[in-house]
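Peer 1: Using the sequences and the hints, build the whole thing.
Line by line, the protein sequences give chains A and B. Using my numbering, read the first sequence as starting at 28 and increasing by one per residue. Using my numbering, read the second sequence as starting at 1299 and increasing by one per residue.
Because the hints were derived from the structure by calculation, they are not lab data. Because the structure is a prediction, the values reported are computed rather than measured. One or more of the hints may lead you astray.
Quick list of simulated restraints, FRET-style, between CB atoms [as the list claims (entries may be wrong)]:
id, chain 1, residue 1, chain 2, residue 2, range
1, B, 1337, A, 82, 34 to 44 Å
2, B, 1385, A, 95, 41 to 51 Å
3, A, 88, B, 1372, 38 to 48 Å
4, B, 1406, A, 82, 18 to 28 Å
5, A, 95, B, 1334, 16 to 26 Å
6, B, 1305, A, 82, 31 to 41 Å
7, A, 33, B, 1320, 54 to 64 Å
8, B, 1319, A, 95, 17 to 27 Å
Yeah, the Cβ is synthetic: ideal placement off N, Cα and C, and Gly gets one too.
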Amino acid sequence: MTCHICEGRETIESAVRYQLIAEQSPDKPPPFVALCKSHCSEAEGAYREIKRLQTGPVTINLPGLRIGGAVGRS
Amino acid sequence: MASYIPTQCLAGFNTAAIHVGSDTFKLALGTGTVPSTYDSANEYYGGSDFTEATGTGYTAGGNTVTLAGAQYTTGGVHQYATAASALSSSWAAATLTNVTYAYLYDATASPKYAICVWDFGGAQSVTANTFAVNFTDTNPNYRVWYWSVSP
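Peer 2: Here it is in structure tokens:
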């Protein structure tokens, strides 16, 4: 996902879905764009937040840890 | 930084303040720099070593994990292992950013000794989805921590 304004040159720290208010039309669904954190405020007035986008699930594997290992490590 | 056993919890074991089988144990998520003090006096839930994650779908304190301890021998290695009752612990519909570690602690003891700290090796984030951790050890299944000796 890249920022609609800077086209990915900025990191999207908060994946948020924005609606481009200026292009709203009853004949077609409103376009949605993603904006990076630094451009959220810049776009204020032209966009409004619709919803936070869903990212993929995260799964982390946790190994069993040995008490008494080297410096307490597993 | 690597995953580790905080030294302070050894005092909890030594004074029988940590009771597997009767105490409540919880798994919390941490954010920011993974602690690395090893022998700090703040290695407990709520102590300054840990910065707990916050976000949608995550309740302060973390998830309860049911644990049981038992002797277990494999490959000539004798151990006393504490294992979880299930593979996974998860947070559904979570929005969390910069989660860098998880820590398991005794929520009944005072202080709430941190017993395991797992370094994720990098920041993890999720938006409106499931954040899950799996206890993947198989000797025995879902092993969380253990002591072992080799004759």
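Peer 1: Does the Cβ pair residue 88 (chain A), residue 1372 (chain B) satisfy 38 to 48 Å?
Peer 2: 20 Å, violated
Peer 1: Between the beta carbons of residue 1406 (chain B) and residue 82 (chain A), is the distance compatible with 18 to 28 Å?
Peer 2: The hint (18 to 28 Å, Cβ to Cβ) is violated, given that residue 1406 (chain B) and residue 82 (chain A) are roughly 35 Å apart.
Peer 1: Is it true that the C-beta distance of residue 95 (chain A) to residue 1334 (chain B) lies inside 16 to 26 Å, as the hint says?
Peer 2: 19 Å, holds
Peer 1: Is it true that residue 1305 (chain B) and residue 82 (chain A) lie within 31 to 41 Å of each other by Cβ?
Peer 2: 36 Å, holds
Peer 1: Does the hinted range 54 to 64 Å hold for residue 33 (chain A) and residue 1320 (chain B) at CB?
Peer 2: 56 Å, holds
Peer 1: Range first: 34 to 44 Å. Now tell me if the beta carbons of residue 1337 (chain B) and residue 82 (chain A) are that far apart.
Peer 2: For residue 82 (chain A) against residue 1337 (chain B), whose Cβ atoms are near 38 Å apart, the range 34 to 44 Å holds.
Peer 1: Just to be sure I understand the hint, the distance between the Cβ atoms of residue 1385 (chain B) and residue 95 (chain A) should be within 41 to 51 Å; is that true here?
Peer 2: Given a distance of about 25 Å, which is not inside 41 to 51 Å, the answer is violated.
Peer 1: Using the C-beta atoms of residue 1319 (chain B) and residue 95 (chain A), is the stated range 17 to 27 Å upheld?
Peer 2: 21 Å, holds
In this structure, the hints that do not hold are numbers 2, 3, 4, in rising order.
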